[in-house]
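Engineer: The primary structure of each chain is shown beneath.
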Amino acid sequence: MIDQLESAFNFHQQALGLRQARHQVLAANIANADTPNYKARDIDFASELKKAVEGGQSQQQPNGGLALARTSEQHLAGEGPAWRGAGNTELLYRVPDQPSLDGNTVDMDRERTQFADNAVRYQAALTIMNRRIQGLKNAMQPE
Amino acid sequence: MSMFSAFDIAGSAMSAQAQRMNVTASNMANADSVAGPDGETYRAKQVMFETQAQNNRYGVGGVRVTEVVEDDSPLRMEYMPNHPAADDEGYVAKPNVEPVNEMVNMISASRSYQANVEVFNTTKQMMMKTLSLGEG
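As given, the protein sequences belong to chains L and G, one line each in that order. Okay, so the first sequence: first residue is 1 according to our numbering, each after it adds one. Okay, so the second sequence: first residue is 1 according to our numbering, each after it adds one.
Mixed in with the good hints, there may be bad ones.
Stated by the list, open to error - When the alpha-carbon atoms are kept at most 27 Å apart in a straight line, the in silico BS3-like pairs for lysine-lysine are as follows:
{"no.": "1", "chain 1": "L", "residue 1": "Lys39", "chain 2": "G", "residue 2": "Lys124"}
{"no.": "2", "chain 1": "G", "residue 1": "Lys94", "chain 2": "G", "residue 2": "Lys45"}
{"no.": "3", "chain 1": "G", "residue 1": "Lys45", "chain 2": "L", "residue 2": "Lys39"}
{"no.": "4", "chain 1": "L", "residue 1": "Lys51", "chain 2": "L", "residue 2": "Lys39"}
{"no.": "5", "chain 1": "L", "residue 1": "Lys50", "chain 2": "G", "residue 2": "Lys129"}
{"no.": "6", "chain 1": "L", "residue 1": "Lys50", "chain 2": "L", "residue 2": "Lys39"}
{"no.": "7", "chain 1": "G", "residue 1": "Lys129", "chain 2": "L", "residue 2": "Lys137"}
Everything labelled a hint here was simulated from the structure, so no lab data went into it.
Given these sequences and hints, build the entire structure.
Structural biologist: Here's what the structure looks like:
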């Protein structure tokens, strides 16, 4: 049952982790809007999430997932999904459409819309996860 | 708890922009100072920004002020023979502060500051909402 709980939350957990990583990258872009030679960066969210979820579901082939240490053959082999921390997400460089002379590629309008978009989607993922938890809690209630 | 570093990033940018604003204020205030504490004429100053050392896994960081540089452009010479600070030919060296540049710098600093306050507030909202996850 517990591993089913885990898989019920895994997708949203990965999504939240990535949203948070992206939040940080966009915050750094806005912070460095006036730093000469700073290159704006971003995460390709869709492909990173795909990688994260696929990495998490490969129960057969341990793809960096956590395996239980077994001291007897009769123990159940448990394996947790791989936790793809945001540390190994691939950071891309933004292509500037109006390059500036000081080598800075931060486009404030774009960064701020992306930032707001990311924050709203983060909260949406949180809300969905909240509903999930509520649903599971209701299912666990005795009549 | 790496969301806290978004606070650090926004905070570093806010303090850097505030420092830029201070330097601009100093330049504007001293636009007519013929002498500083060292007896020399005031020169316009500017801050230099640099991306902060990457202290986290994502390879992104905040911003910091590395140094405050002085403008080397020539001082404004005004002919005022009766001024006590006038040289032999009657010229007084006035600071090389360009009020227009300073105004532009000030507006730019204030807009960047506001953007970072927005980042800070959004991050705080997101964290507060995360803290109440599962409460209903």
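Engineer: Now tell me if each hint is right for this structure.
Structural biologist: Consistency of the hints with the structure:
no.: 1; hint: L/Lys39 <-> G/Lys124; verdict: holds, 26 Å
no.: 2; hint: G/Lys94 <-> G/Lys45; verdict: holds, 14 Å
no.: 3; hint: G/Lys45 <-> L/Lys39; verdict: holds, 26 Å
no.: 4; hint: L/Lys51 <-> L/Lys39; verdict: holds, 25 Å
no.: 5; hint: L/Lys50 <-> G/Lys129; verdict: holds, 25 Å
no.: 6; hint: L/Lys50 <-> L/Lys39; verdict: holds, 26 Å
no.: 7; hint: G/Lys129 <-> L/Lys137; verdict: holds, 19 Å
Hint violations for this structure: none, all hints satisfied.
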